[in-house]
Each structure stands twice: as C-alpha cells, then as structure tokens.
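Sequential numbering of the sequence shown, starting at 1, is according to UniProt numbering.
Quick caveat, the hints were computed from the structure, so don't treat them as lab data.
This one's a predicted model, so the numbers in the text were calculated from it and none came from an experiment.
Incorrect hints may appear among the rest.
Here are the in silico distance ranges between beta carbons for each label pair [said to hold, decoys possible]:
1) K518 / L259: 56 to 66 Å
2) L1138 / E75: 40 to 50 Å
3) P140 / R11: 26 to 36 Å
Cross-link-like lysine-lysine pairs, in silico, DSS-like; alpha carbons within 30 Å at most [to be verified]:
4) K1030 / K1054
5) K885 / K672
6) K917 / K948
7) K834 / K708
8) K508 / K79
Backbone N, C-alpha and C define an ideal beta-carbon position, used for all residues, glycine too.
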Amino acid sequence: MAEQNLKRMKRRRTANKNVLTGLLVKAKDGLQKEYNDDLKVELQTLLRTIQEQEATVKALDNDILNLIEEDDELETDLKTSVDFGIDVTTGITKIINFLKKNSIDTLSSSSGSSSGRKATTKLPKLTLQKFNGDSLKWKPFLDSFNIAVGENDELSGVEKMNYLKSLLTEKAEQTISGLALSNENYPIAMKLLEERFGDEQIIISSHMNKLLELPKIMNVRDIIGLRILYDTAESQIRSLQAFGLLVKNYGPLLVPVILSKLPDSLKLIISQKSDSDIWDAENILKVLQKEILAREKLNTIGETVSDFGEFAGLHVGGGESRKSSCTFCDGKHKSHNCRTVSNIEARKQIIRRKGLCFVCLEKGHLSKNCRRNFTCFKCGKKHHTSLCFGKKTERTDTKPAADTGDQGTEKANDDKTERTETAENTTSTVTGIDLETVNLLSNSDQVLLQTAEAVIFSKGVETNCRILFDLGSQLSYITPEARNALNLETTDTKRLSIKVFGGSHSVKELDRVEFTVKAKFGHDNVNVSAFVNEVCKPLSGQNIDLAKSEFPHLQGLSLADGGSGKKKIDILIGADNYWKFFKSGVVQGENGGPVASSSILGFILSGPINNSNNALETNSTMIETFSLKVAVEEEKNLLKEFKRFNDLETIGIVENEKDCVLEEFEKSIEFKNNRYEVRLPFKENRLQLNDNYELSRKRLYSNWNKLKNNESLLKDYNEIFQQQLKDGIIERAGHEKPNEVHYLPHHGVENKSSTTTKLRIVFDASAKTHGSPSLNQSLHTGLSLTPSLFGVLLRFRSHNVALTGDIEKAFHQISIHPDDRDYMRFLWFKDPFKLDKETFENNELIEYRFCRVLMGATPSPFLLSATLQEHMQRNCTDEPELASKFLESIHVDDLTTGAESESSAFEFYDNCKTKLKEGGFNLRKFKSNSKNLESWIVKDFGSNELEKGEQTKVLGVSWNKADDKLCFDFDELLQNQIEPLTKRNVMHFIASIYDPLGLINPVVVTMKCFLKELFKEKLGWDDPLPETLKSRWISILKGLENCKIEIDRLYSLKEFEDPFVNVQLHGFSDASKVAFGASMYLRFVYNSGKIKVVLIAGKSRVKPNKVKSIPRLELLGTLLISRLAQTVREELSSVFTLDDRTHLWTDSSCAYCWIINEDKTFKRFVENRVCKIRKLTESACWHLVPSKSNPADIISKGSSPGELGDLWFRGPKFLALPETSWPQLLPGDKFDEYKEEEEELSR
C-alpha cells in the first residue's frame, strides 16, 4: 500500500514539475522582451502561478521523503529536489529583480514628467531608498516617496501600492504584509505605516537615545571619531528642533552626556575656551567644532596635534620622526632597515602591542582611519614599508625570483611554493562543507571561488572579514571568531541536519545570529541571519591579482576581493541570502577567464584562470581544488539544553581511536635531570599565533582590581608564583623574543574546602584575539590514555582492601622542552607588595614562562598519561602486572585501586611509590578502609602520607572509609537549591547531583522528566516557575529531605575459605511513557552454595520526542543495556573471571521477538537498532521477565530515595535462587498483557 502511494505521489510531482518548468521557460522568454504594462501584468501573473506551483512541489517532496525507507534512494531524491528548488528560486529571483528594476526606472521617468517642467539638463536616475522600519528614517522616506509616487496623479492606487511594497523591508514590510494589491488598500497601508512609525513621541525618544548613546572617544588624536561624534550630536539636535524642542529646554541635561564622551585633555581645552560661566550644549558644541576644524586643518598638512593642542612634530619618511629611531628595536636606523626584528609577523605583534598605526607607525588611530597619504615604496599599497610582504624573507624556492617589479609574478611564485608543500590527498568535512583537496595533472589551471572582503557591523561594533558565496548551501554561516569579534547575541538556536556532498551527514545544535554587511558604491546595507559554526579551511590558489593582470576584461573593475595566497573565510553566504548581494550585470572575457559578477561589494570573480603565459608553471603536478556543497534541514522544537536527555545512541562510552600524536611523543620524550622532558604537540599547517600580550595585560588589570583590595589573596597568589619559581616550575623570560611568542592570561580560583590546595591559579590557554587561534586550538588533544572514570570506580568496588592516593603536582613534574616554553609566557607584578592601587599603569610588570606541563592546556592530560605509561614501560619490564594494575587505576593524577589483603595492598603502594620516585613523581595522600594498612604506611613513610578524616571523596563520590560505604546525602544536596525557583536554578540543582555509576539514577530520572516538562513551557532562564510546576518541584525536593543512602563499596568479600565459583553479569531494561533505562548486577555464587546479588551500575534516558510507541522505547532500552553490559564486562575482566554468558532481561515481548528473530527484516528504525544489539549480544543471552520482578521498571518511571528498596539494590529475588528456579517465559505468555505490542507486531 505504501509503495502504491509513493508511486502515485511521484507521478503527481513529475507532472507539477513539468508545468513549473514550462512556466519558468515562458517567464525567461518574457525577460528578454521590452518592458511595458502588458509585460508587467504577464510577469506578475506568472510569478504568482510559479510560486503556487513551487509550494505544491515542496509539499509533495516532503510527503515523498517521509515514505522513502532506503537511504540511497532518500539521498538521491533529496539531492534532485534541492537542485530543482535552486533552479526555481533562481528563476523567481530573476523575475522579481526584473520587475523591481523596471518599476524604479518607470518611477523615475514618471516623476520627472509629472513635474510640469521641461528638463533642460539630463538628470541622474532617481533611486528611492528603502525603508526598514527605523522611525528616524520615516519622515525622510515619506517625503521622498510622496514627491515621486504618492503625489503623482498619473499613478493608480494599485500601482502606488506596488511601488510602496517594493520599497519596504523588515518591520515595515511586515506591517502591511497582509494587504493585497488594490486601490482601496493603498491609503490603508499608508495609515498603518504612519501610525506605527510616524508617532512623534517615538521619533523624539529615538533622537534622544542617539544623543545618550554617542560613541566615547578614547584618544584626542582620533579626529575622525571626534568628527563623527560632533556631526551625530548636531544632526539629532536639528531633528529635535523640527519637532519644536529647542536645545535650551534640555541642554543642561545634555552637557554631562557630551563631556563624558570626550577625552580628559579635550575637556580641559573646552573648559579654558568656554566664555560662559554656565555651560550649555550649544556653547560646548561650538567650542568642540572649532577645535575639530583646527585639528583637521593641521592634519591635512602632515602635522600631528598633541593631547593639548600643540604640535608633536612633522612626520617624514613614511610616518617616522626625524630622530630615525627604529619602532621595533629602538636602534638608530629606519624601521624598514631593521635587522634585529626581521620577521614580518613579529613586527606586526610589536606594533599591536604598542598600539601603533600600520600605515604611519603613530599612536592614536587605526590604520583604516589613517589620514596620511603614505604608501609602500615596494608595492605601492597603503601600509608601512617595514611591513611589506613584497619580498618574502621565508622562501622555500630553490631559485629566488628576480626583483623585476612584477608583483603578480612574485605572488604566483609564492603560490607555487605553497602548493608544492602538500603531496597527498586530504579530505576534511567541516560544518556541512565538504572541503576536498585532490591531485590534478595540470599546472596551468586554477579556479576562483566567489569571495569578497567586507565590513560587517552590529550595534556600533564593526570588523573586517572575508565572505564566500555558495549557492550549494541553503543557509548562511559565520565563524565563532567573527561572532565573538562583534559580540553577536544569539537570536535563537536550531537543530540542523547537515548533509554534505558525498553523503556525509551530521546533526548539530547551532546558534543563529544577526549582523549587517556594509555595502559599497551607495548600495543598501544587507542584513544577514546566519548560524554560528566553522566554515572551512583557508582557501589557497585564489590568485585574484594575477587574474586581474592577465585578463583585459577585468581591467578597471572595482573588485570585491584581491591578493593571493591563503584566504581565511569568516562568513559563508548561502542561497537564503545570496541574491541580496548580487546585482544584474556580468562581465565575461572574449577568450575565457574568470567571470565578474556585479554585487553591492564590487565585482566578484569566479571561474577558471586559463593562463596561457604559464605564470603558474611549477615542477609539481598538483593543484588544489575545493568542492563545496551544503544542504540543511531544520528540525524544530528541539532545544540544545535537552540534547543529552534525548540522545538515542550514546551512553558515555568513548571508542578508542588511533592517533599519530602518540608516535611523535614517543620519539621526542627524554629523561633529563631526574625528570621527563616533552614537546608541545603542535598541529601541522596551523595558523600563526598572536602574542596575546594586550589581552593578557587586560586580564591582569581585572585581576589587579580584585587583588588590590584583598591583601591576603594577593599574598597567597604571589607566594604560589615564588614557590613555583623556586621549584623550577616557572622561570623569568628573557628579553630577546623568538619569532613566535604567546602570553597566557590567568586568574585565581579559591577552594576553601580543599585539603591540599586552597588557591589554584588557572591559566587560560583558550584565550585568543580575532584572526588568530588560541594555544589550545594550535595543539593536538592527543589520544585518550586515561582509563575511564566509570571503569576505575567499578574496579575500586571489587577489592577487599581499598587504597587511594594522588601524585603531588603531577603536571608540574614533567618538563617542557626549552624551545616550546615561550608559548607559555605570562605577566605578573614586579613588586606585588608595593602595588599601586590607584593606577594600574604605574605598576611595573615582569614576564615569566612555564618550564613544566601547564594545567589547563588541551594536551596536558595526554602528556601526563603518556609520560606515566612510558615511565612504567621503561622501569617495570620485570614487573608487568604492577605496571598494568597501576595504569588501569590511575585517573589523571588520582590513584584509585586496592588489593585482596592488607599485606598485598602495602606491597603495591610501596612498589608504586618507589617506581614513581624514579621518574620524579611523588605518590602521597594515602587513604584506606584498613586501619592496619594506614598505620603501616605512616610508620614507614611518615604521617604526611596519610590524609586524615573518615569522610572523604573518591573521584568525586563520597566515601566513608570507616564504614566502607559510598554515601549520597540528600540533605547536603538540598543546600545547592537556589531561590527563586527558575529554570536556570532547577538545572543548576540537577547538574549538582554527581552519580557516575548511576546507583541512584531513579531519583535523577524523576528530575530529568520534570526538566523536560519545564522546557516545554518555553520559559526564560530567569522567569519564575508557574504555580503548578513550582508545586511539583517542591514536592520532589521534599521527597529528598532527611534521606541518606549508603551503599557498600565492596561488592562481595573474597574469602579464601569460601571462594567464588561463578560470577555472572545480569542486566535489566525497561521503558515507560517518560523514559527508558537499564540496571546492571553482579551475581556471586560461592563454593558453599551461598549466592549474593549486588547493583553495580544504572543508566537512563528521557524519552525522545520522535519515538512515540512503547515497544520502540523498550527496544532503545535493550540497546542501552547491551552497550552497558559490554562496557561493564570489559572493565571488570581484569578483576573477576566472569561467566562467558551475560544474562539480559526485558519484560517486552515485542522487543524480545525483534531481537531473537534473526531471519526477519523490520522497518528501518527497528532494523538498525536490532542489528546493533545482535553485534553486541547473542540471542541466547536474552530472557523475558515479569514486570513486577524487573528492577529497571523503577529507573524507567523514576523514584524518590525513600522508595528505593531491595528490588533496586539487590535485584529480583529469583536471582538468589538456582537457575532452574528462574522464570522460563515465552512471548505467547505475555501477549495478553501488552495490547500495544501485539499491534506493533501485527504491523
């Protein structure tokens, strides 16, 4: 039946597509005709019909996709639909642009003819600015529209309405979106717009806000900024006067606002020159205007004005003063002749650190605001000669290029060098873009992609970026770096299914942000909505300068992008915003070459560079091509915060992966001066690091604000650094800086409850500036060599005698190679005890650098684990069991293990301490449930070895070592509840519950289900809970009061007289309408016949929104227990000899039949999960269990702590009986209890 429906729908879609194609062809023919009223009506009719047919085809596409079950067929159909949709969208856009263009042309001519005057000169075409809903622009728009359209008697009402709609965008367009084109609706539309945007009070308030939000000028030399401030203030005041508000009525209130935006030195000048005792806004603006005019005059003759209006000296020789002092090394030579600092990037870092302009090397302004007419005498571009890349100093060419002045040839040669460095195919898929580099047997072809340089801005902040245009992507993207540069706020979050060319597929939660792209040449700015994600690797082979010099048809065009070499992409513009940028107009060459498309940013090039002059000729036969394709489908109503609850597949078990970083580590590690020395694992082809000096200095300033008022904290902070300096963990950095230096910000974190470290200084290796990666981003994370927390805790419960400890300052015991230490510099006060508490700048700073592995760096856990592994392998060749047990018990720097007797535990501790000491490590802070063992260790190693106190924590889990129990104190947990009750505080409380083994998971399930209901309400993070939800949450919390659960740490005592004869794994799964879960038990059978069953782990998931039926939820539960059972077996295999067969139980006949019927094929959802279950388990492992005897029933429905009993902690009673007494149920015995399952099976 389903196949017949699918075929029928495909036939209908094909018929509709044929009709739609015919309409597009007819419209295309119409676009070639001369524009007139008849053609306009015809095209408008075609446009409406095409849009209706498009909607019909899209609806059929969705219905067909829902019926297709095969993945290959689904992908093929989806690709065909997307390609056809792009063709239709392109056709619609062409019709709309054609109508808009000709409407404006007609409008221009009609407005000219209706004036009643004979034109004596040819005036330029009138172009009306569009109105986006900004109240401040309503009056100017209304006046210009009325002159051209509204008061034109030759136009009918419907024509005026059509013009009006074509000129409205955003909020203005939405205001009249429901009105059809008619004569009657035109006055209604104008009235609606006037009522919403013409309200005088709103306009007045908007002007006042503009005055209150004037930009603050930080430096008196920022003449452009001062001019913008003055012009903005004057403009707003004049606009307010038009409404009858005179400046004298509000001037006294405006005076402090204006003064607060000016530099202190300029305030003094205004005070000296003001001739009135009582200041008013008009008087201050007059003085400010004169001061700005004077500075602008002086600026035009090449002089710089000091902070107090005096001359700072004439600048000659490209922005350097007559004293000829080098900017980079303070030597007595020109900056561009400096040999001390010859690296261009190092020079740029010095300029950034000193806050100088890249054009004139002066302070007080940015290079884009520099008014000097200096150009580089090497390449003629606007930058200082000392920063020119015209002659590369770091070349890999065997034959240096002759300096002929041909810039294009030099850049082409540089590109050749870059290309020859890559010799193999690499493929990387990032953010839905398939970026593929392949070898082609060609040395003369390169293909330009559509890129443009642009300025983007939002809320007064702007930045430069590079845009890539791609019609193959349905949506637009912006990188996190560009988003952070503008401080863009998240407008909403979407769950996107990203499918790239070639079939790769991923699902991500992405933030959506909004920003504006600044247009050039008088075009309107473009508002863009984009998702935040990485876009692609830097593009190479985009030699635009070469293309412009080689092809005559590109000469004289204002190109949107330029340069050569690698280009970092900040924004990808997809089909949703593509046509907002492009205008009608394409320039093509007679002999081929790139096509230049007209846009609001200039001409954008695309296509091959068929270079007949062989400028790209090279010995390498490899060039790079980039294939990009993005298709995105939105899945609504899924929130990012709930992703971890709705995950169908993952239970936190990470699969092992191969990593070549370990191989490089093993080659470079050395043992020097009684400790190991390692290298930082830098990524290949990484971008150069900025020095981060200014950012670190700003963070230190924030620290200074906190420390200057807390002498005790300042003392502790400084003592840590002094002790680290004494211990060789840090050292003073030298004055000579290598080519690449990186500074790390830091701050203190207090933990008064810690028994070892009250204050910890945290270094931020993720800190970065715009356009440069952070240190963490430049380093490999490395292979995860640390045993899982889950496995360490499972094994910890298996030993009769428990034993824990930690390695003292483990990371700081490993040395970093001297060549890598300058990447870990930081700033501190030279004399903290004479701290200037008034002015931060008066405090002298000194530079330190780390000599040891840094806590907080991405690869640090890998470096520690790999070093410990290397050390044990080198020094335990004769004791492999010791090395194996130590490495599976050490989680980062915490040792969590045990033994079966006190003597063997002492021997293990003694051996570990001795072996670690040989590598420069100190094992300390010992804890045990054995008093005898503690006394032996204190006797042999001293009292400092023992951590005092009966109540302690093991990897975050509370442990009473006297009673040898794991503790969950809910009264202590209730202290984490924060008032008032909001969504944020509820999530904070739930996140504070720490239960990695899932021993109290039924309690957590109740809270997670409540949280899911809370998210459905769509409340703000800090909105109070509705009364119904508030009462439910309070009821949940009351169920926690006066509750404390204590669970035996030890599974079962291993006795010499009565040993285990069999150890079995038993797992149970279940599902309810709100969640599904699994619980795992160990069943010990002693030689005497005694049987003990104990809970070892639990897992749960809240019901996914898309899974509706209980049988399918039950199937998810069985998959969950299958994975959990495999993980538990792997983790416990070193401490128990487990029975070969794992017993898995479910009370779902339907799920049971799906699993054991291996000769049947089911629907895709069921089949995919059943296949995974069969890979993990055998059919003989599965049993049916009555619901009342299923402990997983408790976890699937949730429970309060007081309701957890023996069924949860000890499993069903039948497990304590011989196997012959276990339930022997068949599916037929259960069908009468599962009506819904019968229906599912019948389907």
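> Which hints from the list above does the structure break, by number from lowest to highest?
Replying inline: 1, 3 and 4
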